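A.B. asks: Read off the chains here:
Number of protein chains: 2
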Amino acid sequence: MGAHSHSDSFSYRPIGKYDFEEFIDMAIRFHNYPAPGLLVGGYMVEEAKRQIPRGVLYEAIAETGWCLPDAVQMLTPCTIGNGWLRVVHHGVYGLVLYDKFTGEGIRVWLDIAKFPKDSEIRTWYLKLRPKIEQDSDRLRHEIGMLGSDILSSGPVKVRKQHLGKRSKGRIVICPGCGEAYPAKDGNVCKICQGNTLYEPMPGMPKGGFLTGSHPEA
Amino acid sequence: MGAHSHSDSFSYRPIGKYDFEEFIDMAIRFHNYPAPGLLVGGYMVEEAKRQIPRGVLYEAIAETGWCLPDAVQMLTPCTIGNGWLRVVHHGVYGLVLYDKFTGEGIRVWLDIAKFPKDSEIRTWYLKLRPKIEQDSDRLRHEIGMLGSDILSSGPVKVRKQHLGKRSKGRIVICPGCGEAYPAKDGNVCKICQGNTLYEPMPGMPKGGFLTGSHPEA
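As they're listed, the protein sequences go chains A and B.
Read in order, the letters of the first sequence are residues 1 to 217 in UniProt numbering.
Read in order, the letters of the second sequence are residues 1 to 217 in UniProt numbering.
Source of the hints: derived by calculation from the structure; they are not laboratory data.
Only a predicted model underlies this, so the values are computations on that prediction, with no experimental measurement involved.
Check the hints yourself; a few may be wrong.
Pairs involving identical chains hold if they fit within one copy or between any two copies, as the list cannot separate such chains.
Said to hold, decoys possible - Capping the alpha-carbon separation at 25 Å, the derived lysine-lysine pairs in DSS-like fashion look like this:
id, residue 1, residue 2
1, 131, 49
2, 168, 114
3, 131, 168
4, 160, 114
5, 165, 131
6, 131, 100
7, 160, 127
8, 160, 49
9, 17, 168
10, 184, 160
11, 168, 49
12, 114, 127
13, 184, 127
14, 168, 117
15, 157, 17
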């Protein structure tokens, strides 16, 4: 935090029930470093939570895979693995929390029209200078001072076709590798169809994706 | 945990440095409930970590979006938001931890050939009975007793084209909505191209995705 954190002449905005400094510690533990996108994301998630009526069971959409999904996972019950958080790669710092039954919710986004002129947050968000020339202490200071002042928000409604529980459907045994997979994926599992990002190495035991029917075998 | 948790005649396998019961508490806090897929996922992640040489900077691939990504996020520094965890939807309980520079790593998967006959874990994984008729106490007991005995593993190498840092590239201002977006997405941002899962509601302020150029406006 540099010299800023030792001054008493200002105070950072809390992120929900956490002090800004507490949230930075949480960010280091979960995300490995207090990325600017995660810190602004904290304010975004809390702003959306504030506007969602109490008691509503909500799910989340993050409009970028950069940092923002982790703010959602840290501050709400929605995670990638439980399926209540969806990440869509639309390249903007926007997120939606919505009623999982009705689809009604709140969209919050980082609004560049609200960024102070010559601020480090503008430099960072618009990449006006290379990362190495950015002042990360000043950037973090600005984020903590501005809090939700640089956000905009408004109501949205998630379309019906995107609501409802995800389902794997019927499970069958793959004739290629002998493992279980969702029948809807095809006649053999997706791995035996060649969908891997990697190749097996010498010493890979039989089973799993290394079989006679596998295109890489 | 039912009656099983009060017995002293057996002990559950630890998940890395955590007791099985501790990991269940962590699973409830992060994932909202101790899903079977998350518990087996815990053993899978720890098995892969055990086989990765110490000091290697690794990244992760989860081969299903069901539960498994959360085990990775709970037990490694890799998260969706920091980009060190990738989720591919191949429908199998498999995961890879790999050296982010060389691509060399370990694949671990749930191996149905190692499931005991008539086990609840077989019933669960192959969906042999509807969820409502499954015995979740017995299932959890089996998972804690079997630990990594039902896993297989082997070396893999992530292909070169999938290695390397993700990059947003150049950032530009969208002529549609005035917000910043990655230039590589096109002439207007993806939101202004109509890529939303939701529609704006009355009261949505101007800015963000509700603009004259937006197909839904």
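A.B. asks: All hints are to be evaluated individually against the structure, with a verdict given for each.
C.D. replies: Right, here's what the structure says about each hint:
{"no.": "1", "hint": "131 / 49", "in the structure": "neither (31 Å within a copy, 32 Å between copies)"}
{"no.": "2", "hint": "168 / 114", "in the structure": "between (43 Å within a copy, 22 Å between copies)"}
{"no.": "3", "hint": "131 / 168", "in the structure": "between (42 Å within a copy, 13 Å between copies)"}
{"no.": "4", "hint": "160 / 114", "in the structure": "neither (33 Å within a copy, 41 Å between copies)"}
{"no.": "5", "hint": "165 / 131", "in the structure": "between (41 Å within a copy, 14 Å between copies)"}
{"no.": "6", "hint": "131 / 100", "in the structure": "between (38 Å within a copy, 22 Å between copies)"}
{"no.": "7", "hint": "160 / 127", "in the structure": "neither (37 Å within a copy, 28 Å between copies)"}
{"no.": "8", "hint": "160 / 49", "in the structure": "within (22 Å within a copy, 41 Å between copies)"}
{"no.": "9", "hint": "17 / 168", "in the structure": "neither (37 Å within a copy, 32 Å between copies)"}
{"no.": "10", "hint": "184 / 160", "in the structure": "within (22 Å within a copy, 30 Å between copies)"}
{"no.": "11", "hint": "168 / 49", "in the structure": "neither (30 Å within a copy, 28 Å between copies)"}
{"no.": "12", "hint": "114 / 127", "in the structure": "within (17 Å within a copy, 52 Å between copies)"}
{"no.": "13", "hint": "184 / 127", "in the structure": "between (43 Å within a copy, 14 Å between copies)"}
{"no.": "14", "hint": "168 / 117", "in the structure": "between (49 Å within a copy, 23 Å between copies)"}
{"no.": "15", "hint": "157 / 17", "in the structure": "neither (28 Å within a copy, 44 Å between copies)"}
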